[in-house]
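Asks: For reference, the chains in residue letters:
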Amino acid sequence: MKLKYFSAPYLVWMIVFILVPLLMIAYFAFTGDDGGFTVKYISDVGQYANIFVRSIWLSLIATAICLVIAYPVAFILSRMEKHKQGTMLMIVMLPMWMNFLLRTYAWMTLLGNNGIINYILGLVGLGPYKLINTSAAVVLGMVYNYLPFMILPLYSVMEKIDKSMFEAADDLGCSSVQTLFRVIVPLSMPGITSGITMVFVPAISTFIISRMLGGGSNLLIGDLIEMQFLGNAYNPHLGAAISFVLMVIILVIMTIMNQFDPDEQVLM
Amino acid sequence: MENIVSLQNIIMEFEDGEQILKNISLDIKDKEFVTFLGPSGCGKTTTLRIIAGFLEPKSGDVLFEGKRINGMPPHKRNVNTVFQRYALFPHLNVYENIAFGLRVKKVPEKEIVRRVGEMLEIVNLMGYEKRSVNRLSGGQQQRVAIARALVNHPKVLLLDEPLGALDLKLRKEMQIELRKIQQELELTFIYVTHDQEEALTMSDSIVVMNNGSIQQIGSPTDIYNEPVNAFVADFIGESNIISGTMPEDFVVEFNGRKFECVDSGFNAGERVDVVIRPEDVKIIPADKAKLTGIVKSVVFKGVHYEMIIDGKEHKWTVHSTKAESAGSMVGMNFAPSDIHIMKKTEE
Numbered sequence: 001m002k003l004k005y006f007s008a009p010y011l012v013w014m015i016v017f018i019l020v021p022l023l024m025i026a027y028f029a030f031t032g033d034d035g036g037f038t039v040k041y042i043s044d045v046g047q048y049a050n051i052f053v054r055s056i057w058l059s060l061i062a063t064a065i066c067l068v069i070a071y072p073v074a075f076i077l078s079r080m081e082k083h084k085q086g087t088m089l090m091i092v093m094l095p096m097w098m099n100f101l102l103r104t105y106a107w108m109t110l111l112g113n114n115g116i117i118n119y120i121l122g123l124v125g126l127g128p129y130k131l132i133n134t135s136a137a138v139v140l141g142m143v144y145n146y147l148p149f150m151i152l153p154l155y156s157v158m159e160k161i162d163k164s165m166f167e168a169a170d171d172l173g174c175s176s177v178q179t180l181f182r183v184i185v186p187l188s189m190p191g192i193t194s195g196i197t198m199v200f201v202p203a204i205s206t207f208i209i210s211r212m213l214g215g216g217s218n219l220l221i222g223d224l225i226e227m228q229f230l231g232n233a234y235n236p237h238l239g240a241a242i243s244f245v246l247m248v249i250i251l252v253i254m255t256i257m258n259q260f261d262p263d264e265q266v267l268m
Numbered sequence: 001m002e003n004i005v006s007l008q009n010i011i012m013e014f015e016d017g018e019q020i021l022k023n024i025s026l027d028i029k030d031k032e033f034v035t036f037l038g039p040s041g042c043g044k045t046t047t048l049r050i051i052a053g054f055l056e057p058k059s060g061d062v063l064f065e066g067k068r069i070n071g072m073p074p075h076k077r078n079v080n081t082v083f084q085r086y087a088l089f090p091h092l093n094v095y096e097n098i099a100f101g102l103r104v105k106k107v108p109e110k111e112i113v114r115r116v117g118e119m120l121e122i123v124n125l126m127g128y129e130k131r132s133v134n135r136l137s138g139g140q141q142q143r144v145a146i147a148r149a150l151v152n153h154p155k156v157l158l159l160d161e162p163l164g165a166l167d168l169k170l171r172k173e174m175q176i177e178l179r180k181i182q183q184e185l186e187l188t189f190i191y192v193t194h195d196q197e198e199a200l201t202m203s204d205s206i207v208v209m210n211n212g213s214i215q216q217i218g219s220p221t222d223i224y225n226e227p228v229n230a231f232v233a234d235f236i237g238e239s240n241i242i243s244g245t246m247p248e249d250f251v252v253e254f255n256g257r258k259f260e261c262v263d264s265g266f267n268a269g270e271r272v273d274v275v276i277r278p279e280d281v282k283i284i285p286a287d288k289a290k291l292t293g294i295v296k297s298v299v300f301k302g303v304h305y306e307m308i309i310d311g312k313e314h315k316w317t318v319h320s321t322k323a324e325s326a327g328s329m330v331g332m333n334f335a336p337s338d339i340h341i342m343k344k345t346e347e
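Listed in order, the protein sequences are those of chains A and B. Position 90 of the first sequence, counting from 1, maps to 90 under the numbering used here, and the rest follow consecutively. Position 127 of the second sequence, counting from 1, maps to 127 under the numbering used here, and the rest follow consecutively.
So here's chain B without its partners, still in its complex pose (with noise of 0.2 Å):
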């Protein structure tokens, strides 16, 4: 697989001289499902602004299939957005929302009635074609947009928050359907949320970003399972976060016991981050554990029952098919390879 697009040391700044985007570098191969992760105002959507050629970097340049496309117009770019609130043609009805893009390049007229019912077809909307937009339901003209896009067969095609304004239900099922044409079509989607779940459940590949900077790159479950720090882990699920220090290899110490694990490679003495899941923590008799705690709370979330350990020097969240009971003190183990260990970010 070859890469679609490249970063290249891209630096963003507001007028003010405010870094938005600070020295970003990034690959995005052909084909892949690519999301840009991370909270509000760590540059995400900027970065795919500047791929959308909407917004020009200070410095750094930007490659398409290998060509350095600084400058060009967004009309010159063989890349399509769906833009976060729609931005459909109020004047135009469904049909003509998603031929515009056909229309403009002066496609003959029988094969753009092909391409707008193929693409009826793909966002289910057949039916639809005179309906003006204004009178679509949020979800319908999603569709329409996500349609209005892939009509015009980009090599990428850019989605900033799509899902954002549906509701919980639709937007499950939208992130099944958004995953079912990348890869039915074959195209490279760059896809830009704050939703961790949702990152997870679309994405071949995620870039957690924070503060400007790309945090880390990888799969779902690399990210999932071995964050490289503790903002990865911690904003990609939740997450007992603990300081914590190496004595030696293979062990960890903290909350003053040490532990067994699978980390090696720091300096002895190091100070780390101890990233443990709350689904990874196991409640044991108190009696037999190594740390204890009395559980302060039990909330039912429907697969898992998520309690709150007091272990006076942590607060635990842990997740468990069975529940305690409130007030009750609990022992609690882990296994080496869930205890997750991290350099110390420098804040």
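Next comes chain A alone, as it looks inside the complex (with noise of 0.2 Å):
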């Protein structure tokens, strides 16, 4: 027998809960209620651009600031002892192990005007500062919530970085920086690319952290979406439509990103 056919149930999901749902937002996106052809609501999501951009433009802030902070705390998991970089890995997943509604709802009350930031402040004197509805508490949501996305990947491919590359790299007149721009960093490019793909597309397209966190006025595409299918303005196609037009932009992005591969992986 041979094992090509074990695949088969795998091709058949792909098609049934992929490929189908697919086309089925394309269908949509290109169609109005009367079932013809039109791209009147492809052209509609031009209206919603600020809202494209902000989306955008948080979720590149959040992706950078996971990148800075899970590069560091990989590079030093990676390096630990064997024994106790298990325990570690395990501290780094701990919040995952915790509702994502749970985790942000706790945020809400720190982040509150009454919250325990400003109480803590007001006993020195400082503040109250407004600290939640705002678009940095929608960052520090996304970075709270998907570094471990960011670290996981970071960690996978540093942890088999051979140690005698920085030895080779300090034998050849490499200082540390050195030796972090021209051999780490090149060769945790996969983990690079693949943590930025993975907390970039859940964060752009995240609607429960912005509704918590950012109020009413930091609308981000995902709340958009939703609001298409669930909220009072139901319109399937227009929300059919801004989540293909997404997809594009994701698509785009990732492509561009793969370019830094040296592998060239496709991680999508």
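Hints were generated in silico from the structure; no laboratory data involved. Predicted model only: the values in this text are computed from it and were never measured. Cβ coordinates follow ideal geometry from the N, Cα and C atoms, glycine included. Some hints could be false.
Unchecked claim - Just the calculated beta-carbon pair ranges, DEER-fashion:
{"#": "1", "chain 1": "A", "residue 1": "I69", "chain 2": "B", "residue 2": "N78", "range": "33 to 41 Å"}
{"#": "2", "chain 1": "A", "residue 1": "M80", "chain 2": "B", "residue 2": "R135", "range": "41 to 49 Å"}
{"#": "3", "chain 1": "B", "residue 1": "F14", "chain 2": "A", "residue 2": "L11", "range": "29 to 37 Å"}
{"#": "4", "chain 1": "A", "residue 1": "L11", "chain 2": "B", "residue 2": "E129", "range": "39 to 47 Å"}
{"#": "5", "chain 1": "B", "residue 1": "R131", "chain 2": "A", "residue 2": "M98", "range": "46 to 54 Å"}
{"#": "6", "chain 1": "B", "residue 1": "S243", "chain 2": "A", "residue 2": "I76", "range": "55 to 63 Å"}
{"#": "7", "chain 1": "A", "residue 1": "P72", "chain 2": "B", "residue 2": "S132", "range": "49 to 57 Å"}
{"#": "8", "chain 1": "B", "residue 1": "S6", "chain 2": "A", "residue 2": "I69", "range": "46 to 54 Å"}
{"#": "9", "chain 1": "B", "residue 1": "S132", "chain 2": "A", "residue 2": "I76", "range": "29 to 37 Å"}
{"#": "10", "chain 1": "B", "residue 1": "E111", "chain 2": "A", "residue 2": "L23", "range": "27 to 35 Å"}
{"#": "11", "chain 1": "B", "residue 1": "R114", "chain 2": "A", "residue 2": "M80", "range": "38 to 46 Å"}
To be verified - When the alpha-carbon atoms are kept at most 20 Å apart in a straight line, the in silico SDA-like pairs for lysine to any residue are as follows:
{"#": "12", "chain 1": "B", "residue 1": "K67", "chain 2": "B", "residue 2": "N78"}
{"#": "13", "chain 1": "B", "residue 1": "K105", "chain 2": "A", "residue 2": "Y10"}
{"#": "14", "chain 1": "A", "residue 1": "K163", "chain 2": "B", "residue 2": "F89"}
{"#": "15", "chain 1": "A", "residue 1": "K163", "chain 2": "B", "residue 2": "K296"}
{"#": "16", "chain 1": "B", "residue 1": "K106", "chain 2": "A", "residue 2": "R182"}
{"#": "17", "chain 1": "B", "residue 1": "K296", "chain 2": "B", "residue 2": "E260"}
Since each chain comes alone in its own frame, lean on the hints to assemble the complex.
Replies: Encoded structure:
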């Protein structure tokens, strides 16, 4: 029996649950209520350009912050003794065991105008500051929720870099900073690109975080799409059109990203 | 010739306090091919890594051209290393791997092109510039590793068992090539190996190590012909090692017989190790010999036959171009200069 037949169930799964829904989104995006072809909804997406820009901008900031925090963490983690790595990884993963909503609610009470942070600041005579319902709060929520998705791929790539690479760089005249940029960064590039993908994609399409921490004024694409399907504005064609445009944007960004990956892996 | 590297009373310990190097002192002369030879765990790689700067000795001084360099990081030392498993950069091609050290030092592009080209020629890898190092054979990777180190014009090249992963034929070729490169470029090579044949083939001088201390330093001929103790004799080639005594100068007694020898200066009756190389045992007719034995096995080894001869007190390993028939009784004799007498080593 040929092994490839074993992949048949997966193939069916992919067709039914991935390919068909994608085609349905495309179908709804390019048709009207009467079922006829139209580009009306795609062109309507243009009205929400400011929301698209805000979403991309906030997700990029969140992704960049995640990378800056996760890179040294992952590196230190990967250089620890093997038995300590397991424990440390678990600590990194621990927040993910908690429900996503709960974690975000927690930030609401922390950041609120009468929240814990403002209360503590008040004790030393500062504030209260407006922390919640700001775009900074949305970015914070994204960083907090998606940081492990940056650390894990970075760690798994860095862990495989042999110690002799650093010794060779040192031997050939590299200071620590030169070793970082000439050896460690290029060798961890696959981890960087997949980490960015794994943070950026959920961040750009999130709606819970912006709803809970951003208030009404920090609407993101995710909120917009949700409103078209579940809100009063019920308009599945527009919702599909927005989703379609978002998909194209992500595709373009990821294609650019993959140009930096030496192995030219498709990480989508 | 001056000393380029000197180690003075180097002591190295593991965290648990186990000593890896027990007070090592050593001078390495400029432009010499020096080999650290010993079994695994003897401390030879540790010594090399101390010279490279990857390890700091617990005590003792490392001198480079007479200056103390303890604590100086590897990238500031004028030495380069060829690593055991090459440690080539997988994200760079052959050319960029070799150019790495020069780029770090911001050498002008024109000179990089010239020096890398020169190196490619020396290691015989012209035409491989654009090739990914992952698609090279073991021998080619080895050459890139050597070129990557040599392109920096180090005063000393450190090689950590660089030929260990290659097959025998390639290893022999690379041995000769490495020796040629060392002589042409007039560099100091410090070479670590556990292969005694490799050490004898390539070196100007061999440092035999065991259990964290130096057993003997000398030229390949000295080490082979005049091993200072039974360990060296046994490690450098095969040997028959027999316990004996020195009843008087120039006479040694072992296996119940007295033999003429060329050594003197022992106390009368002092217990010694007697070392006789397999190729120095002469097979003579049994009725004319002081020592006799029965041929147990004969194995053809290419150039010679290896025979095990059971002489009651000792099983002799004998190399001869002429095979005796197994089971026959033969006699053995030795020229006085082939009998090497050594003080007993305290275990």
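Asks: Next step is simple, just say for each hint if it's right about the structure.
Replies: Do the hints match the structure? See the list:
Between A/I69 and B/N78 the Cβ separation comes to about 39 Å, which falls inside the hinted range of 33 to 41 Å. For the pair A/M80 and B/R135, the supplied restraint of 41 to 49 Å is violated, since their beta-carbon distance comes to about 33 Å. For B/F14 and A/L11, the Cβ-Cβ distance of about 55 Å falls outside the hinted range of 29 to 37 Å, so the restraint is violated. Look at A/L11 against B/E129: about 43 Å separates their beta carbons, and that is inside 39 to 47 Å.
For the pair B/R131 and A/M98, the beta carbons lie near 50 Å from each other, so the given range of 46 to 54 Å is met. The given range of 55 to 63 Å is respected by B/S243 and A/I76, whose C-beta atoms sit roughly 57 Å from each other. About 29 Å separates the C-beta atoms of A/P72 and B/S132, a value inconsistent with the hinted range of 49 to 57 Å. Checked against the given bound of 46 to 54 Å, the beta carbons of B/S6 and A/I69, roughly 47 Å apart, stay inside it.
For B/S132 and A/I76, the Cβ-Cβ distance of about 30 Å falls inside the hinted range of 29 to 37 Å, so the restraint holds. The hinted range of 27 to 35 Å is not satisfied by B/E111 and A/L23, whose Cβ atoms lie roughly 59 Å apart. For the hinted restraint 38 to 46 Å between B/R114 and A/M80, the CB-CB distance of approximately 43 Å keeps it satisfied. Using a Cα cut-off of 20 Å, the hinted pair B/K67 and B/N78 holds, with the two alpha carbons roughly 12 Å apart.
Taking the CA atoms of B/K105 and A/Y10, the gap is near 53 Å; set against the 20 Å cutoff, the hint is violated. With a C-alpha separation of about 12 Å, the suggested pairing of A/K163 with B/F89 holds against the 20 Å cut-off. Our distance criterion of 20 Å between C-alpha atoms is broken by A/K163 and B/K296, whose separation comes to about 51 Å. Distance restraint check for B/K106 and A/R182: the Cα-Cα separation of roughly 13 Å lies within the 20 Å cut-off, and the hinted pair is therefore satisfied.
Restraint check: the Cα-Cα separation between B/K296 and B/E260 comes to about 27 Å, which exceeds 20 Å; the hinted pair is violated.
Violated hints for the displayed structure, listed by number in ascending order: 2, 3, 7, 10, 13, 15 and 17.
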